[in-house]
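Chemist: Residue numbers (the numbering used here), protein chains in the order written: chain A, 18 to 254; chain B, 18 to 254.
It is worth saying that the hints were derived from the structure and are not from the lab. Please read these numbers as outputs of a predicted model, since none were measured by experiment. Hints are not guaranteed to be accurate.
Straight-line Cα separation of at most 20 Å, EDC-like style, residue types lysine to aspartate or glutamate; simulated pairs [to be verified]:
{"no.": "1", "chain 1": "B", "residue 1": "K172", "chain 2": "A", "residue 2": "E106"}
{"no.": "2", "chain 1": "B", "residue 1": "K172", "chain 2": "B", "residue 2": "D133"}
{"no.": "3", "chain 1": "B", "residue 1": "K172", "chain 2": "B", "residue 2": "E214"}
{"no.": "4", "chain 1": "B", "residue 1": "K172", "chain 2": "A", "residue 2": "D241"}
{"no.": "5", "chain 1": "A", "residue 1": "K172", "chain 2": "B", "residue 2": "E197"}
{"no.": "6", "chain 1": "A", "residue 1": "K172", "chain 2": "A", "residue 2": "D137"}
{"no.": "7", "chain 1": "A", "residue 1": "K172", "chain 2": "A", "residue 2": "E214"}
{"no.": "8", "chain 1": "A", "residue 1": "K172", "chain 2": "A", "residue 2": "E194"}
{"no.": "9", "chain 1": "A", "residue 1": "K172", "chain 2": "B", "residue 2": "E194"}
{"no.": "10", "chain 1": "A", "residue 1": "K172", "chain 2": "A", "residue 2": "D223"}
{"no.": "11", "chain 1": "A", "residue 1": "K172", "chain 2": "A", "residue 2": "E106"}
{"no.": "12", "chain 1": "B", "residue 1": "K172", "chain 2": "B", "residue 2": "E194"}
2 protein chains.
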Amino acid sequence: MTRTSTLSPAPATGVDATRVAVSTVIFTLRRVPGSDAASVVLPLVRRTRDPHEGLWALPGGWLDVTEGLDAAASRTLGETTGLAPSYLEQLYAFGAVDRSPSRVVSIVYWALIRPDEIPDETVENVSWFDAASLPRLAFDHNHIVDYALWRLRNKVGYSRIAHGLLADEFTLAELREVYESILGRRLDPANFRRQVENAGTLIPTDRFRTGSHRPARLYRYNQDVELSDRGPLDTRH
Amino acid sequence: MTRTSTLSPAPATGVDATRVAVSTVIFTLRRVPGSDAASVVLPLVRRTRDPHEGLWALPGGWLDVTEGLDAAASRTLGETTGLAPSYLEQLYAFGAVDRSPSRVVSIVYWALIRPDEIPDETVENVSWFDAASLPRLAFDHNHIVDYALWRLRNKVGYSRIAHGLLADEFTLAELREVYESILGRRLDPANFRRQVENAGTLIPTDRFRTGSHRPARLYRYNQDVELSDRGPLDTRH
Numbered sequence: 018m019t020r021t022s023t024l025s026p027a028p029a030t031g032v033d034a035t036r037v038a039v040s041t042v043i044f045t046l047r048r049v050p051g052s053d054a055a056s057v058v059l060p061l062v063r064r065t066r067d068p069h070e071g072l073w074a075l076p077g078g079w080l081d082v083t084e085g086l087d088a089a090a091s092r093t094l095g096e097t098t099g100l101a102p103s104y105l106e107q108l109y110a111f112g113a114v115d116r117s118p119s120r121v122v123s124i125v126y127w128a129l130i131r132p133d134e135i136p137d138e139t140v141e142n143v144s145w146f147d148a149a150s151l152p153r154l155a156f157d158h159n160h161i162v163d164y165a166l167w168r169l170r171n172k173v174g175y176s177r178i179a180h181g182l183l184a185d186e187f188t189l190a191e192l193r194e195v196y197e198s199i200l201g202r203r204l205d206p207a208n209f210r211r212q213v214e215n216a217g218t219l220i221p222t223d224r225f226r227t228g229s230h231r232p233a234r235l236y237r238y239n240q241d242v243e244l245s246d247r248g249p250l251d252t253r254h
Numbered sequence: 018m019t020r021t022s023t024l025s026p027a028p029a030t031g032v033d034a035t036r037v038a039v040s041t042v043i044f045t046l047r048r049v050p051g052s053d054a055a056s057v058v059l060p061l062v063r064r065t066r067d068p069h070e071g072l073w074a075l076p077g078g079w080l081d082v083t084e085g086l087d088a089a090a091s092r093t094l095g096e097t098t099g100l101a102p103s104y105l106e107q108l109y110a111f112g113a114v115d116r117s118p119s120r121v122v123s124i125v126y127w128a129l130i131r132p133d134e135i136p137d138e139t140v141e142n143v144s145w146f147d148a149a150s151l152p153r154l155a156f157d158h159n160h161i162v163d164y165a166l167w168r169l170r171n172k173v174g175y176s177r178i179a180h181g182l183l184a185d186e187f188t189l190a191e192l193r194e195v196y197e198s199i200l201g202r203r204l205d206p207a208n209f210r211r212q213v214e215n216a217g218t219l220i221p222t223d224r225f226r227t228g229s230h231r232p233a234r235l236y237r238y239n240q241d242v243e244l245s246d247r248g249p250l251d252t253r254h
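Only chain A is shown next, with the shape it has when bound in the complex:
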């Protein structure tokens, strides 16, 4: 029985009109004015040309033929927003035929950043939006943000959330408040503490937060957990 072999010569250019882009979802927390609550926000870039001129879109751009995917994500994020997170993770490749007027496969990256990692400068055509109440975005970018939010809520462990969104040391109450912001609901403090301790991904320190409340132990994230997340993928791939 004869079947097509893998990776036969590429189709002639013109037939194979698929192009590769990268986009990035950057989540951080922003305190809601006049409230104890925080909301998950992300930067969007207003499009200045068609398709979808005037709509907001995820930061991104075309993959250059001489750069790797990770490098393209970092470069285009920096060019459009000025942001330079220390680590971008690949989220998913979106390639539906009808997601753009021409055929575009977008490799989407994401990162969690702390508010203090955001430069003070204002960047033209860039604004931060509450992830829970976005306008209609360009292309399938609403769908992409929905997927990223789902991953954030369901798949991201305590250590990575803490590393991405909190200072180096934090109390369990501070971590719980971050989770409450992400999930959009209150969590029982005792249950939360038990879950975090069982997960074993945070390391208690000998230091305590003191102030108006009774002293609360400070924790730090477990870097071993964080670094193992990509497994055998090094930064070249």
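Use these hints to put chain B onto chain A, whose structure you have.
Modeler: Coordinates of chain B only, in the frame set by chain A:
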């Protein structure tokens, strides 16, 4: 401050010589002859042309401009190997600049299949290899298999392993043997039972496996867990 807007007009063809391919890692278990153990195996396709003529490669091929990524993965897997798993999951996009003589971004899919899902027919230039002792493969495909194995060992829950590799109902001993094959080491039966029960992703039935041993309860995988795994991604994306 002015920065480049996202998705400006695509670079002229020829500059943007990046092409998109899909490849698939299919894992199943094969009993080691003369032994109680099983090993994780995957199908590879021998390349019949350059680059890397004669080397073994993952099943795959070029993305057609008129098909989605999932469809391309299913089509090229079927064309090269005759396999048609009910569900392929996107694993990762590999796009290092030097992974192929020309610039190719490969969107890699994967699936776990039961031995009874493999057609009996022999397919030309296709062979099944022990994932733990592969020859040198074409392109970066050794690296891709290493990453898939790492994901299988670290990130795939009891329910999905059971669904992918076992019959509809199975004993905990059978599930443990599957895990032992994947991890390459023995697991303590009592600890394993406790972990599975705590995970809550398998559903005990009222049926028992009887035979030479004392009756063992049969379990089935929790379909709710399985189906939630892709979150808001539907099959079009």
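Chemist: Quick check: which numbered hints come out false for this structure?
Modeler: Violated: hints 2, 5, 6, 9 and 10.
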